[in-house]
Each structure stands twice: as structure tokens, then as C-alpha cells.
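**Q** Please arrange chain A on chain G, whose structure you already have, making use of the hints.
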Amino acid sequence: MSSSTAEHAESHAHGHGLGEAVTHSAAKFGMWLFLGTEILLFGGLFAAYALFRAKFPDLFYESHKKLDITLGTINTIVLIFSSFTMALAVSASQKRNRKWLIILLSVTFICGAAFGVNKYFEYSAKFHHGIFPDTNIFYALYFMMTGLHMIHVFIGMGIIFALIIMAKQRRFEKGRYTPVEVGGLYWHLVDLIWIYLFPLLYLIG
Amino acid sequence: MANGVMTQTQHIPFLAQKGLKSWILTTDHKRIGILYLITISFFFLIAGLTALGMRYELMTPELDFFRNPTEYNVAFTLHGSLMVFFFIVPGIAASFGNFLIPLMIGARDVAFPRINLLSFWIYLVGTAILLYALMQPADTGWTFYTPYSIQTGTKVIMITLGVFVLGFSSILTGMNFIVTIHKLRAPGMTWSRLPLFIWASYATAILQLLATPVVGITLLLLIAERAFDIGFFDPAKGGDPILFQNFFWFYSHPAVYIMVIPAFGIISEIIPVFARKPIFGYKAIAYSSFAIAIISFFVWLHHMFVSGISETAAAIFSFLTMLVAIPTAVKVFNWTATLYKGSIEFHSSMLYALSFIVLFTIGGLTGVYLGALAVDVHLHDTYFIVAHMHYVMIGGTVMGFFGALHFWYQKWFGKVFNELIAKISWFLVFAGFNVTFFPQFFMGFQGMPRRYATYPVEYESYHALSTYGSWILGVGVLIMTVNLILPLMKKGQPESPNPYGSLSLEWQVPSPPPHENFDEIPTVTDWTYAYGKK
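Chains G and A, in that order, are what the protein sequence lines are. Counting in the working numbering, the final residue of the first sequence is number 294, and the numbers go up one at a time with none missing. Counting in the working numbering, the final residue of the second sequence is number 553, and the numbers go up one at a time with none missing.
Bound conformation, chain G alone (with noise of 0.2 Å):
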């Protein structure tokens, strides 16, 4: 839905008489607005995280033990570092340099990618030691927390994936570059998220 937001505001530019300028603010401003929603969803998570963290100091220290925290560091390397990539990436699609935009997109992607195999990892090793969502509160708000990340990971993903057949066809010349930017600005809320919940999850002191 995300990409198509991204579409649109591409297609609108030709179609429908409002300005490229117009077409610009509207786009962004409606990704700012989603990204407000999204929040939202994962404050829910957050609200359970305090009022359960409040409940059972004890349960969550021990719990957390188990998270390896290596793993999640790269993890978190990886996604600050794929943050980077895209904002140059939009910045490239400002310049309208075609080719590191290009570049810098499959960059991104592949970092996504790689965090989602690191994933793989660290939940296959979770099942391998016993440990599943219904093992206590803790881990059920583990596997929900960093699913529901993932699946968002998932999205930046097919978006940034849409952005790069695009770039492939030329779509983002004479400085249409809004697509890229609005993908971006999602990309980086799937970073800040997970911003988030690595302190949370893996260094409880």
C-alpha cells in the first residue's frame, strides 16, 4: 500500500493537472501521516511492554538473558548503516544520478535482506532451545515486537524493491524523484523502530 502511495503520487504527476510541487508536499505529508499510524500500532506494543516490564521486573531480566545480544547488534548495525544508503539514495534521486541511486536502493535492499536472514537465525535458535511465544510474557512480546517488525521490514523491502524497477525504467527523471523520497521516509521508520526495541529487548540492565 505503501508503494502504491509511492505510484500514485508518480502517476498523478502526469495525469491530473495538479502541480509537481502540489503532487510533492501531498505525498509526503500522507506518508507522515501513516507513519504517525504506524507508531500507533506499535505503541500498543509498547504500552503492554511497560505494564507487563512493571509487573515482572524479575521475569524480564532473566528472559532476557537469553537474546543474543551479538545478533542484535549486528542486526542494529546493519539497519543504521542500510538508513544511511537510503538517504543518500534520495539524495542521488535529487541529483538525478540514475546510477548510484540505483546503486544505493539495491544497497538498501540488501541489508533488509541480510537483517531478515540474521532473523532467521535468532528465531530458529529460539525454537531449538524451547523457547516460543507462549513461554512466558516476555518472549510472547519478544516474537510479537520483532515479528511485527519484520513483516514491516518486509514492506520497506517490496517498496524499495518497486523504487529500484522504477529507477531501472527512467520513471524518476526531469527531478520526479517523490516516490524515492516517500519510500525513504519509510525505511527510516522501520529503522527507528527497531531503535527502539533493542534496548528494550535485548540490554534490560
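Everything labelled a hint here was simulated from the structure, so no lab data went into it. In this text, all values refer to a predicted model and were calculated from it rather than measured experimentally. Built from N, CA and C at the ideal position, the CB exists for glycine as well. Be a bit skeptical, because a hint or two may be false.
Here are the simulated DSBU-like cross-link-like pairs (lysine-lysine), alpha carbons at most 35 Å apart as the crow flies [claimed, not checked]:
#1 A:K174 - G:K208
#2 G:K263 - A:K40
#3 G:K263 - G:K188
#4 G:K155 - G:K215
#5 A:K40 - A:K510
#6 A:K40 - A:K202
#7 G:K215 - A:K256
#8 A:K256 - G:K155
#9 G:K257 - G:K184
#10 A:K510 - A:K37
#11 G:K257 - A:K202
#12 G:K144 - G:K154
#13 A:K509 - A:K37
#14 A:K202 - G:K184
#15 A:K40 - G:K117
#16 A:K442 - A:K509
#17 A:K256 - G:K144
#18 G:K117 - G:K208
#19 G:K154 - G:K208
#20 A:K302 - A:K360
#21 G:K144 - A:K174
#22 G:K257 - A:K40
#23 G:K117 - A:K202
#24 A:K302 - A:K442
#25 A:K302 - G:K117
#26 A:K202 - G:K263
#27 G:K208 - A:K256
#28 A:K256 - G:K154
#29 A:K174 - G:K215
#30 A:K202 - A:K37
#31 A:K302 - A:K202
#32 G:K117 - G:K257
#33 G:K188 - A:K202
Cβ-Cβ distance ranges computed for the label pairs, FRET-style [to be verified]:
#34 A:A391 - G:A176: 48 to 58 Å
#35 A:D248 - G:E262: 50 to 60 Å
#36 G:R260 - A:G38: 25 to 35 Å
**A** Then chain A, alone, in the frame of chain G:
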């Protein structure tokens, strides 16, 4: 784009193109509005029929119409879920919101026409999932309270998934409307000149954006709870069943205003036209929608006064609940002041608007009773709640919806309905509604609990009266429906594009409006309500 081509297409009415494809793939906000209108009206009638079934059962104290109490539970779950999720939440906002917002602000369409179509399709998918699950059947009521929703054998996962998908549609529509109102207003259409329906739609869209994601995550948690046997809401596993109620009402109380604020907007449009006076207190009405929207996020605990919350929390939320009455009363006083010394014309839509003021005031004031702690303990889960809720939802939203149907009918469809029959059906609806629900205040006060298929014999006369009323209401809605559908089959055009002399932009274009709405985007020079000054 060649200008010549553009001018030609503009004069074709948006309804002219035929064929299924021209409808299901349309990005025209007016057509998408019609798609919503048809769908929500269909579910409104179905859900109304289930209500008639429940009322028929309740005519006598014994169980006679349904075979067992579970069937009755299924009927009220169906009634509640269909009415809430299929009809009244998307209701006015999606149908009239889609049709009116671009026309009223002088735009050719919404900001994201394709996302607009997408959200209609998401709505249909959610509808299909939910309907499938409800037919299984379900017996949780529309609130899916834990722990029952975790224990029952019915298809709770499918239901909640359906509602989740519907929520997605709601979020996209809200986002689209906010961006449209911000970015696509015609030159001169300043914030202080905006029609009040636009202000109301804006406040509604904000609620859709802020509240819906929270119910979304709640439902995901409930799904996970059932699918993976987690214990978020199960005290045996350290969970908290009250957490579900907190989450649920954090959405569902603001959702009440998603249901009713668009109707406020409609009333604010109809009344000045038929009172031939500028609306009184324009800014107060506009801002009070936002006041209601904001306060609505801080009152959810009043649904849980008897759930064992602390007295301090209860007292605070009782106070906050009372606060809602202030902006709401501001609106009612302003509408009444608009009527004062006006030259009132009792068009059918005006009759609905006036009924709205009366009935909504009753609904609102009884809400204040329920906000008061001690009274609520007595009235909680009785028919008093049922009556209050229906005075707000039917007396408020549905009256606004019917009023809007009669007011914008000519504009939308380019046809004319029979005004006398419309007035007769209004009378039946108004009378039938009051006969149905007014007795429920009394039974509730005397202790008749809600959600029961059978009851002690002393409540029989109230229940019987209520059932007779539901028949009058049903006949009224039936006559109204036929009266509005018949003209669509006939040829004929309204005499004037602006029969009621409205100053709002949508009345300045032909009926039905051309595909692109305006030949040229108009420049607005005055506010929408300058009646009697020109």
C-alpha cells in the same frame, strides 16, 4: 494534456459512463462515494432486519422466536458488528465524505484517487472476511471482550482479522481526506471559509488516524493470544483481562465520535440553508469538533467503571466524561441560535436535521447520567445504556445520514424524489424510533439487563411497546428506501442545479456533477454561510 480534450470531458456527468469496469476501477471520488453508499446501506438494512428479529423475540418474556439463547446472542453479535463496523464507522465519512469533500473545497478529486479506490477494496475484503466469520456464527458481541473471546469456540480470529482489515481502509481514507483538505483547497477557500462539514470530516479523519491503529494492535494481540496460546489477557498466565478493555475502548470510544462527528457536519450544512440565515457561531462549531475529538481520547475508562478500577481513576474519568458535554452543547446551542428568527422551510432533510437536534440532545444528556459514577453503577449493562446508545447513534448519526441522503440526493444522482412521501417516511421513522427506544430508558432504570433473550414478566409491557415501535421504524425506513430508489429508475432531471439556494460550492455545479467537478477551479471570495446578506 490538450486543453480541448479536457473541456469536452468535463461536461459529461460523472454517472454517464456505464459498465461494471467503469465502476469497480473508478478513481472518481463521487463514484467511490456511491460504491460506499450502496455497500453501507445494504448492511444497514440487513443489520436492521436482525434487530427486528431481536425485538420480535423480546415481545414476550419467554423464548419463542429463536430456538435457544445462543441464537439470540448470534443475532445481537451480527446486529452490533454489522452496524458498527460495516455501516456506522465508515458510514457518512466514507460515502458523503468522498462525495462532498473535493466538491466543497473546489478540487477535482481527493489527493490520492487510487489509494481512495484501494481503501474501498480493502473495505470490501474486510467485509467479506468478517461476514464469513459472522456467519459461522459468532457470539462475542461486537466488543470481543476477553476472556470470553479466548474461550469461545467460534471463529474469533477471522472476525478480528476482518475488523483489522477494515481498520486499514479507515486509516487510508482518513489520511487521504486530511491531505486533500490541506493541499487541494481552491484559491480563496481559507480555513475560516471552509464549510463546517469539512471541519467535521477533518476532525473525524484525525480520530481515524489516531485511534484505529490502537484497535489494530489490540486485535493482533487477541489473534496471537488465540493462535499461539499467549497470556497477555489471561490472568492464569500473568496477563491482564482489563488490559484488553483498556486497549479496546481507547479506540472504541473515539470511534463513537468517528461515527457521530460527520453527522454534526451535515446538520451544520442543512440548517443554515433552510433557515436562510448565516450559521451562528461558525468558529465555535468548527473548533468544538476538535475539542470533542481531543477529549474523546481521555474518557475511555468510563466504559469500565464497574471493572474494579481505582476510585481515583474513576472520579477523574467521570469528570473528563462530563467535559465532552460542553463542546457538544456548544454545537446544539449554535444550531438552535441559527434557527432563531430564521425563515424556516421544512424540507424533508430539514426535518431530519431538527430531529437530530432533539434526539441527540436526549442521547447526550443521558450520557451525562451514565458519566456520573454512582448512577452508572446502577445503570451499567441495563437497557438504559441500550437506549442512550441508540439515541446517539440513530437519533444522531442515522438522522444525519438520512438528512444528508435527502439533502444531497438531487446533487448526487440528478433525480428528484417525492417530497410528500419523504415527509411521511420521516414521520414514521421519528415516531417509530421514539416508541422503540424511549420505553427502554424506563426498563433500564427499573433494572432490565441488556443482552438477555428472556426476562421477568413485569417488563413485558415496555418490551411489547418497544417491539411495536420497531415495526413503525421498519416501515418508515422501508418507505424511505423505496422513495429514494424509485426515481433512480426513471428519467427526469431536477429543474435547477441549486434548488435550495445553497451558497456552498457543490451546489454551483450541475446535478449530477461533471466528471472533473469544475470547468475551472473556482476562486472563493466569501464564506459559505453568507445567507441573507446577498
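**Q** Does each hint fit the structure? Answer for all of them.
**A** Hint by hint, here is what the structure shows:
no.: 1; hint: A:K174 - G:K208; in the structure: holds, 31 Å
no.: 2; hint: G:K263 - A:K40; in the structure: holds, 33 Å
no.: 3; hint: G:K263 - G:K188; in the structure: holds, 15 Å
no.: 4; hint: G:K155 - G:K215; in the structure: holds, 8 Å
no.: 5; hint: A:K40 - A:K510; in the structure: holds, 23 Å
no.: 6; hint: A:K40 - A:K202; in the structure: holds, 30 Å
no.: 7; hint: G:K215 - A:K256; in the structure: holds, 20 Å
no.: 8; hint: A:K256 - G:K155; in the structure: holds, 20 Å
no.: 9; hint: G:K257 - G:K184; in the structure: holds, 16 Å
no.: 10; hint: A:K510 - A:K37; in the structure: holds, 16 Å
no.: 11; hint: G:K257 - A:K202; in the structure: holds, 31 Å
no.: 12; hint: G:K144 - G:K154; in the structure: holds, 18 Å
no.: 13; hint: A:K509 - A:K37; in the structure: holds, 16 Å
no.: 14; hint: A:K202 - G:K184; in the structure: holds, 26 Å
no.: 15; hint: A:K40 - G:K117; in the structure: holds, 31 Å
no.: 16; hint: A:K442 - A:K509; in the structure: holds, 21 Å
no.: 17; hint: A:K256 - G:K144; in the structure: holds, 12 Å
no.: 18; hint: G:K117 - G:K208; in the structure: holds, 31 Å
no.: 19; hint: G:K154 - G:K208; in the structure: holds, 17 Å
no.: 20; hint: A:K302 - A:K360; in the structure: holds, 21 Å
no.: 21; hint: G:K144 - A:K174; in the structure: holds, 31 Å
no.: 22; hint: G:K257 - A:K40; in the structure: holds, 31 Å
no.: 23; hint: G:K117 - A:K202; in the structure: holds, 11 Å
no.: 24; hint: A:K302 - A:K442; in the structure: holds, 32 Å
no.: 25; hint: A:K302 - G:K117; in the structure: holds, 29 Å
no.: 26; hint: A:K202 - G:K263; in the structure: holds, 23 Å
no.: 27; hint: G:K208 - A:K256; in the structure: holds, 27 Å
no.: 28; hint: A:K256 - G:K154; in the structure: holds, 21 Å
no.: 29; hint: A:K174 - G:K215; in the structure: holds, 30 Å
no.: 30; hint: A:K202 - A:K37; in the structure: holds, 31 Å
no.: 31; hint: A:K302 - A:K202; in the structure: holds, 21 Å
no.: 32; hint: G:K117 - G:K257; in the structure: holds, 23 Å
no.: 33; hint: G:K188 - A:K202; in the structure: holds, 33 Å
no.: 34; hint: A:A391 - G:A176: 48 to 58 Å; in the structure: holds, 54 Å
no.: 35; hint: A:D248 - G:E262: 50 to 60 Å; in the structure: holds, 53 Å
no.: 36; hint: G:R260 - A:G38: 25 to 35 Å; in the structure: holds, 30 Å
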